[in-house]
Structures are given as C-alpha cells and as structure tokens.
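Number of protein chains: 2
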Amino acid sequence: MLTRIDHIGIACHDLDATVAFYRATYGFEVFHTEVNEEQGVREAMLKINDTSDGGSTYLQLLEPVREDSTVAKWLAKNGEGVHHIAFGTGDVDADAADIRERGVRVLYDEPRRGSMGSRITFLHPKDCHGVLTELVTSAAVESPEH
Amino acid sequence: MLTRIDHIGIACHDLDATVAFYRATYGFEVFHTEVNEEQGVREAMLKINDTSDGGSTYLQLLEPVREDSTVAKWLAKNGEGVHHIAFGTGDVDADAADIRERGVRVLYDEPRRGSMGSRITFLHPKDCHGVLTELVTSAAVESPEH
Chain X
1 MLTRIDHIGI ACHDLDATVA FYRATYGFEV FHTEVNEEQG VREAMLKIND TSDGGSTYLQ
61 LLEPVREDST VAKWLAKNGE GVHHIAFGTG DVDADAADIR ERGVRVLYDE PRRGSMGSRI
121 TFLHPKDCHG VLTELVTSAA VESPEH
Chain H
1 MLTRIDHIGI ACHDLDATVA FYRATYGFEV FHTEVNEEQG VREAMLKIND TSDGGSTYLQ
61 LLEPVREDST VAKWLAKNGE GVHHIAFGTG DVDADAADIR ERGVRVLYDE PRRGSMGSRI
121 TFLHPKDCHG VLTELVTSAA VESPEH
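If you're matching them up, the sequences are chains X and H in order. Quick note: the first sequence uses full-length UniProt numbering, first residue 1, plus one each step. Quick note: the second sequence uses full-length UniProt numbering, first residue 1, plus one each step.
Keep in mind that the hints were calculated from the coordinates and are not lab data. These figures come from a predicted structure and were not determined experimentally. Honestly, I wouldn't trust all of these hints.
The list that follows gives simulated cross-link-like pairs (lysine-lysine, DSSO-like), each with its CA atoms no further than 30 angstroms apart [as the list claims (entries may be wrong)]:
1) K73/H - K73/X
2) K126/X - K73/H
3) K47/H - K126/X
4) K77/X - K126/H
5) K126/H - K77/H
6) K126/H - K47/H
7) K73/H - K77/X
8) K126/H - K73/X
Bound-form chain X, shown alone (with noise of 0.2 angstroms):
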C-alpha cells in the first residue's frame, strides 16, 4: 500500500550548482548524498517533510555520471526538470506484484538499490500517464503500521 510521497526526482546538469540553488533559494539543506552505479546517479537528497505513515519526503537532486546513463539520455531529450516521481510503502515486492498484475508494467524483475538503501523499482512511464512513476520502501522502517 502506497501511503506517501518518498520524493520528487529532479535530473540536473550539475548537481552542485543545483544544490547550491535550492540552498540560496529555499533555504533547503541538504540530508545525504551518494553516487548510484547501477543508476548512473550522483544525487543529494533534500528532505523536506515528514510524513503520516512515519516517513519524510524528499527532493531527489540527480546528476549524470556516465553518458548511457537513463538520466543522461532523458536530460538531452528533455533539458533539466522533473524526471520522475516516488511513492513510498512498507513492502515494494508486494505493491510492485500488485500493480504488475493490473498490467502496469514494473521495469525490475526484482527491486533494486535505491537511495539511502531503499530498494525500489519504476513504473513504465507509458502506463502511467507519462509519469515515470517509482515505488520505495525505505531502509529504516520507522513506523508500526508498517
């Protein structure tokens, strides 16, 4: 069940002149950084809520480390914005089973690593309305109703 928003992914060219913008702008600071080599990312993470379901949401600033990169070829298509969208749940491999089954197509055979040790997977953008749309379960699952 799908019970917040994790956070919004934004593809950048440069990442600390992205950061830096949010900082001077929003005053947002930022929550944790990492490179993912599997996804061709080096991100920062914003956090900049929590949420109901004992969770936060988060910006997801994405820069490109290698050109075959997904998120190097959505930039030179699409230039800087939004790339996609994630919702957070307490078990990935069932929601991702569940919404398999209404034939949404999930990218992964079997979630992957995602940021601060989640493990994710996405949602063909085609079947969603355009929105390439991720699913999360947190690392630290903090809350009881999970």
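Assemble chain H onto chain X, guided by the hints.
Same frame as chain X, but now just chain H:
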C-alpha cells in the same frame, strides 16, 4: 518558509480516465475536484499523506478546459506528465517577496486563487533549473506552527 511538498501537478488529456487510473492502480481516491477558470483547468486532488507542518501532500491532476490555457499549451508540447511541483508555506506573500529578492522571477504580482481556496504563485522554471515551481498557502491553516 517552505515547510512541505504540498502537491505534484500532473497534466493529463482526460481527467476522468487519469483519476480512474490512479484509483485502479494504487487505490488513491479523489479528495476534491474543481474548475479553476482563471488557470483554465479542471482538476482533481488526491490526498496521499499528511505532513509534519500540519498540512498534506496531494497529487493534483489537471485537464485543460480551453485551448489557450497554459496547461493546454504545455500538453501540446510535452504530452502528459509532471507539469509542476508545489511547496507549502504559511505565508506565500512573504516567501514570494524573499525569493524575488534573490533574483528568481515570480510570475504573479500578487498571489492568485489555487485549489481549495489556497493562495498561490509560480516561479519561472528557467530560474529553477527547469522546474515550474509553485508556492501555496492553504486556506485552512491547521498547524499551530503557522
């Protein structure tokens, strides 16, 4: 001060079909619908979670109601997808003034009417690394922090 992700605005060609997709795929229900004549859209708000500042985060599904609306033009260029993101604040006037001081173009001289009686303004996407960014103050300010 921006204290939450208030909503993600998603442009679609057919609001009823898109609402049906979100209900059938994820179980999300419509919290509110309205027509905003000034913005030229028919919209549905799907509440996803409550937030730590006393507000909530929604998906806002937007269908243009006239061909000269900004959302209609955006859809013609981009197809369906994420149109904008919105941050919630207790004082959209003060935040818009601060952000304008920092050199970001604010699109309205004064905030206008948004969903559910909120007051909103937008920041120019070219000044925000490609992200059309909205600031929202809800009509019902529920949190003692505000």
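Query raised in the report: Can you name, in rising order, the numbers of the hints this structure does not satisfy?
Result: Failing hints: none at all.
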